[in-house]
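**Q** Listed in order, the protein sequences are those of chains A and B.
With the first sequence counted from 1, adding 12 to any position gets you the numbering used here.
With the second sequence counted from 1, adding 12 to any position gets you the numbering used here.
Please keep in mind that the hints were generated in silico from the structure rather than gathered at the bench.
Treat the hints with care, as some may be off.
Label-pair restraints from in silico Cβ distances [unchecked claim]: (1) Q122/B - G148/A: 43 to 51 Å; (2) R348/A - S119/B: 46 to 54 Å; (3) Y170/A - V292/B: 45 to 53 Å; (4) R124/B - E389/A: 49 to 57 Å; (5) T370/B - L120/A: 39 to 47 Å; (6) T24/B - R90/A: 27 to 35 Å; (7) R318/B - E199/A: 25 to 33 Å.
Negatives, chain A to chain B, calculated, CB over 10 Å [unchecked claim]: (8) P87; (9) F118; (10) E151; (11) Y251; (12) N314; (13) T335; (14) G339.
In this text, a Cβ means the ideal position worked out from N, Cα and C, and glycines have one as well.
Number of protein chains: 2
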Amino acid sequence: MAAVVSDGLGFTLLQRDPETHARLGLLRTAHGTIETPAFMPVGTQGTIKALDHRRARELGVQVLLCNAYHLYLRPGIRVIEHFGGLHRFIGWEKPILTDSGGYQIFSLQQLRRVYDDGVEFRSHIDGSLHVFTPEGLIEIQRTLGSDIMMVLDECPPYPAERAVLESAVQRTLHWAIRSLKALRQTEPRYGYGQLLFGIGQGGIDVELRRRCLQELCQWDFDGFAIGGLSVGEPTEAMYEMVALSTSLLPADRQRYLMGVGTPENILTAIELGVDLFDCVLPTRNARNGQLFTTRGVINIRNARWRFSDEVLDPGLDHPVSQTVTLGYLRHLFMAREITALLLATEQNLAFYHWLLQTARQKIREGSFRHWKRSLLETFQHTKVEATSEIPPCP
Amino acid sequence: MAAVVSDGLGFTLLQRDPETHARLGLLRTAHGTIETPAFMPVGTQGTIKALDHRRARELGVQVLLCNAYHLYLRPGIRVIEHFGGLHRFIGWEKPILTDSGGYQIFSLQQLRRVYDDGVEFRSHIDGSLHVFTPEGLIEIQRTLGSDIMMVLDECPPYPAERAVLESAVQRTLHWAIRSLKALRQTEPRYGYGQLLFGIGQGGIDVELRRRCLQELCQWDFDGFAIGGLSVGEPTEAMYEMVALSTSLLPADRQRYLMGVGTPENILTAIELGVDLFDCVLPTRNARNGQLFTTRGVINIRNARWRFSDEVLDPGLDHPVSQTVTLGYLRHLFMAREITALLLATEQNLAFYHWLLQTARQKIREGSFRHWKRSLLETFQHTKVEATSEIPPCP
Numbered sequence: 013m014a015a016v017v018s019d020g021l022g023f024t025l026l027q028r029d030p031e032t033h034a035r036l037g038l039l040r041t042a043h044g045t046i047e048t049p050a051f052m053p054v055g056t057q058g059t060i061k062a063l064d065h066r067r068a069r070e071l072g073v074q075v076l077l078c079n080a081y082h083l084y085l086r087p088g089i090r091v092i093e094h095f096g097g098l099h100r101f102i103g104w105e106k107p108i109l110t111d112s113g114g115y116q117i118f119s120l121q122q123l124r125r126v127y128d129d130g131v132e133f134r135s136h137i138d139g140s141l142h143v144f145t146p147e148g149l150i151e152i153q154r155t156l157g158s159d160i161m162m163v164l165d166e167c168p169p170y171p172a173e174r175a176v177l178e179s180a181v182q183r184t185l186h187w188a189i190r191s192l193k194a195l196r197q198t199e200p201r202y203g204y205g206q207l208l209f210g211i212g213q214g215g216i217d218v219e220l221r222r223r224c225l226q227e228l229c230q231w232d233f234d235g236f237a238i239g240g241l242s243v244g245e246p247t248e249a250m251y252e253m254v255a256l257s258t259s260l261l262p263a264d265r266q267r268y269l270m271g272v273g274t275p276e277n278i279l280t281a282i283e284l285g286v287d288l289f290d291c292v293l294p295t296r297n298a299r300n301g302q303l304f305t306t307r308g309v310i311n312i313r314n315a316r317w318r319f320s321d322e323v324l325d326p327g328l329d330h331p332v333s334q335t336v337t338l339g340y341l342r343h344l345f346m347a348r349e350i351t352a353l354l355l356a357t358e359q360n361l362a363f364y365h366w367l368l369q370t371a372r373q374k375i376r377e378g379s380f381r382h383w384k385r386s387l388l389e390t391f392q393h394t395k396v397e398a399t400s401e402i403p404p405c406p
Numbered sequence: 013m014a015a016v017v018s019d020g021l022g023f024t025l026l027q028r029d030p031e032t033h034a035r036l037g038l039l040r041t042a043h044g045t046i047e048t049p050a051f052m053p054v055g056t057q058g059t060i061k062a063l064d065h066r067r068a069r070e071l072g073v074q075v076l077l078c079n080a081y082h083l084y085l086r087p088g089i090r091v092i093e094h095f096g097g098l099h100r101f102i103g104w105e106k107p108i109l110t111d112s113g114g115y116q117i118f119s120l121q122q123l124r125r126v127y128d129d130g131v132e133f134r135s136h137i138d139g140s141l142h143v144f145t146p147e148g149l150i151e152i153q154r155t156l157g158s159d160i161m162m163v164l165d166e167c168p169p170y171p172a173e174r175a176v177l178e179s180a181v182q183r184t185l186h187w188a189i190r191s192l193k194a195l196r197q198t199e200p201r202y203g204y205g206q207l208l209f210g211i212g213q214g215g216i217d218v219e220l221r222r223r224c225l226q227e228l229c230q231w232d233f234d235g236f237a238i239g240g241l242s243v244g245e246p247t248e249a250m251y252e253m254v255a256l257s258t259s260l261l262p263a264d265r266q267r268y269l270m271g272v273g274t275p276e277n278i279l280t281a282i283e284l285g286v287d288l289f290d291c292v293l294p295t296r297n298a299r300n301g302q303l304f305t306t307r308g309v310i311n312i313r314n315a316r317w318r319f320s321d322e323v324l325d326p327g328l329d330h331p332v333s334q335t336v337t338l339g340y341l342r343h344l345f346m347a348r349e350i351t352a353l354l355l356a357t358e359q360n361l362a363f364y365h366w367l368l369q370t371a372r373q374k375i376r377e378g379s380f381r382h383w384k385r386s387l388l389e390t391f392q393h394t395k396v397e398a399t400s401e402i403p404p405c406p
């Protein structure tokens, strides 16, 4: 079964780990090839928060996640069209995946109404009324020119009644098929092919999630996302759903676990056969003063670092990790300097880059399982906190 | 008359502009030589706001201004001493000038009391009570290890009664002499020489300012600052005070105009014989969305830039100036992204670097006056706004 876009783009499975379900692969896009497993930093509005693209490139970011919903509302799709697409608008020449914004819209609660045809919502910026349909969202992503487009889906909250989950699964499937049809009936706007990923829903209901994915897998998507997880369910239930999903998904397509997660979540999901990840955790927690390092998690505001002239992370080959001291970064956080946010963001993305790069290397060498176990021992004594968003700046 | 520190440090006058009072010079410090005229970005708490040191180096920053008062209160002088001085604490190996904090203390209004011996104040952070004396501040700056130390002075507000100005001049002179004596009675903490600058006060009272500087010039400071200006007085009165000051100051010592200013202010003061500047304007205004460019001043939030795919400043050889578009930076400001603050800060410091570098080149070539006139014509149609500080972040 050929992928939707057959001009050399799409996923190639390179190698399987003999001990686990971990896999090495390449995802070819019109703006370059992504080595998987890969982590996508979140750049919702066209930038990673507190980091410019030059630093993102230096940190080895392979692919940026942007959000169609946010960019559609601001700066507006006509602005991005005028620039000739999102890559040119934001000045990022590497791959971009655009999330549909379904997750954001379904988080709006009071501001949206779901119909079988699509979803009506009010802008969180100015209250204006908008409608997203599966076809409309393909059109928007054609105009954005993202390398990887996501279908519109319905992401139910956790916990949710079975009837709510079932209805979300039905709608998600229906919309996915309409999205694929819309893709085939439209042309790329900028002359290069765009991939389309379907999304599986079903909460933590085994039967619903199985039904959703089995149906979805009959359609010719370039990749499949595991959606609706990391929304409050127990971690073990999430892993169970991931394992179920990867057991059902075709080996020759990309697998993307949306919105996940901690280093432990990511390594476990890689072990279960996932290829692609995104999460606000490294960047958001950076802005809250939580550092990910090869020695574990550090809360930099802690008074114990006041006199520390140790560097942030001697285990990482990045200038910030190697030269900025814990004592200085703590000072910048206590003094509420914006520079603190930049430095912490760099450290955390350097760590995530190292994590995924090392995971790929260990899969290649056949020692992934052993490495994962020893790394997680480092992390088990430190706690990753779920932190909430800080107010925007200025 | 030898300078206080005679180990090769201090100012060397290289060249005078035949048409104006502009001068080219070198200020040798223990952490490197500063080509003057020079602009010092403000890094009050040990960092330029919204810019890390790597970028500051890339932007050609020659010397960083930090604030003894702020650093004394936070992280505290014992922390910086533990690190072996401010350079090592913040990881900046080039020259540092520390402002005494007199200006900040005298801005505290309700929180301070001035005695002949020094000034008592309450911390703006935790309300704790502190006393700064001229000798104590030399001791603090010895511990900071700044390359250029400033004396404690009394900076009166504008407007001020003549009696207030006169008393401030008397105290400033008295304190300057005590500072010099304290310098001579103490040793550097880290084995390298530190320069000490005196500060002239007197508001815009010609007689008082003359008296203050004539007295100050009899003492062997490494440089002289023109203080108490740019505090609300008319620009012409400021220029008059600068002209008076440079006519009185010895040619073989550095001249530093504190807290100034706009591109026009700086070029005019260079023309009048000033060597060194600092100001929050380029960095603060950047965070408020005001860009300095070789084509004039731009308010990036203006709707006219929404669709603009022009780069920020084709006239500057800096990646941000050459690649970031007006439309994208406007979007980042409207979306309240921290990245907007970084990019705008880089643009403005790239412009200030270009301004001073070009000024030096034009003095060297003997065409400073002509160049200054044509550049200011570019700026006369655009207005530099005095913007207030935005709330700290996060």
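**Q** Quick one: are T24/B and R90/A within 27 to 35 Å, going by C-beta?
**A** violated (58 Å)
**Q** Does the no-contact call for F118/A survive, Cβ to all of chain B over 10 Å?
**A** About 21 Å separates F118/A from the closest Cβ of chain B, which puts it past 10 Å; holds.
**Q** Is it correct that the beta-carbon of G339/A has no partner in chain B closer than or equal to 10 Å?
**A** violated (7 Å)
**Q** Is it correct that the beta-carbon of Y251/A has no partner in chain B closer than or equal to 10 Å?
**A** holds (33 Å)
**Q** Would the least Cβ to Cβ distance between N314/A and chain B come out above 10 Å?
**A** holds (14 Å)
**Q** Would the least Cβ to Cβ distance between E151/A and chain B come out above 10 Å?
**A** holds (20 Å)
**Q** Taking the closest pair, is the beta carbon of P87/A still more than 10 Å from chain B?
**A** violated (4 Å)
**Q** For the pair Y170/A and V292/B, does the Cβ-Cβ distance stay inside 45 to 53 Å?
**A** About 47 Å separates the Cβ atoms of Y170/A and V292/B, which means 45 to 53 Å holds.
**Q** Hint says 43 to 51 Å; check whether the CB-CB distance for Q122/B and G148/A agrees.
**A** violated (59 Å)
**Q** R318/B and E199/A, beta-carbon distance inside 25 to 33 Å?
**A** holds (27 Å)
**Q** Measuring from beta carbon to beta carbon, are R348/A and S119/B in 46 to 54 Å?
**A** Because 19 Å falls outside the window, the suggested range is violated.
**Q** Would you say the C-beta atoms of T370/B and L120/A sit inside 39 to 47 Å of each other?
**A** With a Cβ separation near 52 Å, T370/B and L120/A fall outside 39 to 47 Å, so the hint is violated.
Of the numbered hints stated above, those contradicted by the structure are hints 1, 2, 5, 6, 8, 13, 14, listed in ascending order.
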